[in-house]
Amino acid sequence: MADLLVLDGIRKSYNVGTPVETEVLHGIDLVLKAGEFVALMGPSGCGKSTLLNIVGLLDRPTSGHLFIAGEDTTLLAEAALTRLRGHSIGFVFQYHHLISAFTARENVIMPMLVDHGRPDAPMERHADELLDQVGLGKWRDTRAMNMSGGQQQRVAIARALAMNPLLVLADEPTGNLDTASAQGVFELMRRFNLQRGTTFLVVTHNHELAAQCDRIIDLVDGRLTGDRRIRAIDRVSRPG
Amino acid sequence: MRRWLTFAWIAALRFLSEGRMQTGFILGGIAIGVGVIVFMSAMLTSVQTNFTNRVLTSQPQIQLKPPDEVARPLRRHDGVVEAAIVQHPTQRILSLDQWQTILSSMRGRSDIVVATPSVSGSALAVRGDASRSIGILGMEPDDYFRIVRMPDYIIAGEPSLGTDDILVGIDLANDLGATVGDKLNITTGPGGSRILTIRGIFDLGNRGANERNTYVQLRTAQSLLNLIGGVTEIDLTVVDVYAAETVAQDIGAVLPVKAESWIVTNAQFFTAIWAQTLSSLLIRSFVGLSVAFGIAAVLIVSVLQRSKDIGILRAMGSSRGKILRIFLIQGGVLGFLGSLLGSFMGGIALFAWYRLARQANGAELFPLVVEPSLFLFSALLATITGVLAGMVPALRAARLDPVEAIRG
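Note that the protein sequences, when read in sequence, are chains C and X. Every position in the first sequence, counted from 1, becomes a number in the numbering used here once 1 is added. Every position in the second sequence, counted from 1, becomes a number in the numbering used here once 171 is added.
Derived from the structure by calculation, the hints contain no laboratory data. Certain hints may be false.
Said to hold, decoys possible - Restricting the straight-line Cα-Cα distance to at most 20 Å, the calculated cross-link-like pairs of lysine to aspartate or glutamate (DMTMM-like) are: (1) X:Lys479 to X:Glu575; (2) X:Lys493 to C:Glu79; (3) X:Lys236 to X:Glu311; (4) X:Lys236 to X:Asp314; (5) X:Lys493 to C:Asp219; (6) X:Lys493 to X:Asp572; (7) X:Lys354 to X:Glu382; (8) X:Lys493 to C:Asp116; (9) X:Lys479 to C:Asp4; (10) X:Lys479 to C:Glu173; (11) C:Lys34 to C:Asp219; (12) C:Lys34 to C:Glu79; (13) X:Lys236 to X:Glu382; (14) X:Lys429 to X:Glu189; (15) C:Lys34 to C:Asp4.
Unchecked claim - Some, not all, of what chain X presents toward chain C, calculated at C-beta under 7 Å: (16) Phe178; (17) Arg185; (18) Phe186; (19) Thr442; (20) Ile483; (21) Met487; (22) Pro573.
Every residue gets a Cβ at the ideal spot worked out from N, C-alpha and C, and that includes glycine.
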């Protein structure tokens with residue numbers, strides 16, 4: 002398997018150059034293979050979300066290099082980063098963050114709409130397929146605000162996969178759900194990982210769910226303290 | 172989703188429609204503002220057009236008169252003035268020198284529409300025991316009535332004049348207890364005296380003019396004022412009424428006449444019009460500003476409410492420019508829709524005013540001038556105001572850090 006994500010000495014500091022400068026990430030070196038399903042674990046405040054934001058190109062590291070599919074993103078200008086983020090990375094947040102003004106289908110269409118500019122029939126078909134796959138085909142015309150937490154998170158997963166990204170970053174996607182819903186959402190992500198070959202980096206505090214991943218990475222106080230492989234990657238290669 | 176709309180339009184319209192109450196209130200505010208602007212603009216235009224028409228159709232736009240008589244100071248052979256005080260001489264009624272030549276040259280100018288001679292002076296009108304001092308103006312009705320639209324002001328009788336006829340104002344007729352067909356004894360200072368028949372009674376809408384102005388045939392006035400063959404003025408109308416002063420100065424520079432335009436003789440009228448325009452402009456500007464601040468306030472609240480959505484859209488790959496457009500479009504749409512509502516409200520208010528505000532006799536106060544361009548201009552102005560008002564919130568939205576926005 003090829004390296005999809007390479008973090009080389011990533012450091013992140015806040016209030017740089019001031020007396021209260023604080024380093025949150027202390028030189029992270031990490032490699033994720035294409036098609037891996039990885040859990041990122043650690044206590045609150047250890048820098049998980051910061052790391053995820055840097056990997057998701059929402060934030061820039063203070064130093065170090067971040068390679069996505071071989072491209073050094075630390076050298077890219079903001080417009081190029083925005084484009085790469087839109088095409089290559091999908092996000093699933095703890096609080097789903099669907100846009101309440103839109104229906105489930107429209108939320109799934111949104112990343113494609115941002116990219117293409119105007120809606121069209123293929124976009125709608127693709128959104129419908131994804132909603133069918135997450136079991137919400139009948140809810141496509143329901144506004145996000147009228148759905149349950151589990152349903153909203155399923156829509157968020159469908160939205161994250163709309164652009165067929167290389168990497169999906171999930172920040173505690175099950176943290177706000179009951180046990181059954183959490184297991185359902187996790188299995189859904191796992192199924193997409195297995196079927197599509199999409200790489201997942203999932204932040205979670207749930208050890209049972211983490212145990213179902215290919216690999217578990219531990220982050221403590223801004224440093225990687227553990228990297229355990231649970232099982233070998235054995236699945237279909239990513240289509241086209 | 173409308174397939175012909177772009178992402179920014181879809182998001183902008185959906186955000187507006189989702190916050191219905193917020194959108195409704197600000198649309199109401201914009202509509203009231205635009206309605207006030209439409210109503211005030213139409214009223215101001217109507218009042219000014221009406222006033223200007225009244226001024227222009229009740230007097231010549233340029234009058235050519237003989238130059239004032241001046242006393243020449245007595246000087247010694249070495250140029251020193253003998254008398255320190257020179258008394259201003261009395262101004263006699265004099266004929267315009269070479270008036271036929273001047274009239275002919277005026278009629279040959281391309282910037283002059285009508286040129287006609289007239290004779291004016293003061294007289295005494297007597298009927299029975301009543302007498303009133305009047306101004307008498309003799310003219311050639313066919314030409315003069317193209318300058319002063321006397322037929323439009325006739326309220327009794329007719330504007331046609333024979334050599335023994337006179338037109339009088341409504342207030343003079345009332346003072347003398349006279350009506351159409353009655354006779355007046357007209358006596359002038361130079362000794363002229365004639366019995367004239369009232370052929371028509373007019374109302375110029377001005378008490379002073381209705382009490383003093385009278386109109387007779389040119390020959391009748393020449394006879395009464397002892398100016399046989401002479402005229403005291405040549406009255407003109409010009410192609411461009413607002414260029415009258417320029418034309419008057421041009422004529423005064425080449426001919427030995429005193430040329431007075433309506434702009435100079437009605438300086439106070441112009442001052443009033445200017446003051447009215449300025450105050451109206453100020454009111455409209457402040458109304459426009461309050462509309463702009465209203466739109467900006469609503470959009471800033473919207474940016475705060477939607478900061479998470481903005482963060483998500485940025486995470487999906489939406490550029491800062493697209494986020495900027497979403498809020499600029501919202502500002503423009505609010506301005507445009509508000510202007511449509513406001514134009515409708517302004518139109519209703521104008522219609523209501525036209526129906527309700529009437530003179531005692533039921534006639535309209537003045538004709539309303541409502542041009543379609545007023546509504547188009549208001550819509551354009553409100554839309555531009557909306558876009559500009561949306562600039563600050565849009566920039567704020569575009570500059571949001573997606574990490575901070577998502578975290579809330």
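Of the numbered hints stated earlier in the document, which are not met by this structure?
Numbers 5, 9, 12, 13, 14, 19 - these are the hints that the structure violates, sorted from lowest upward.
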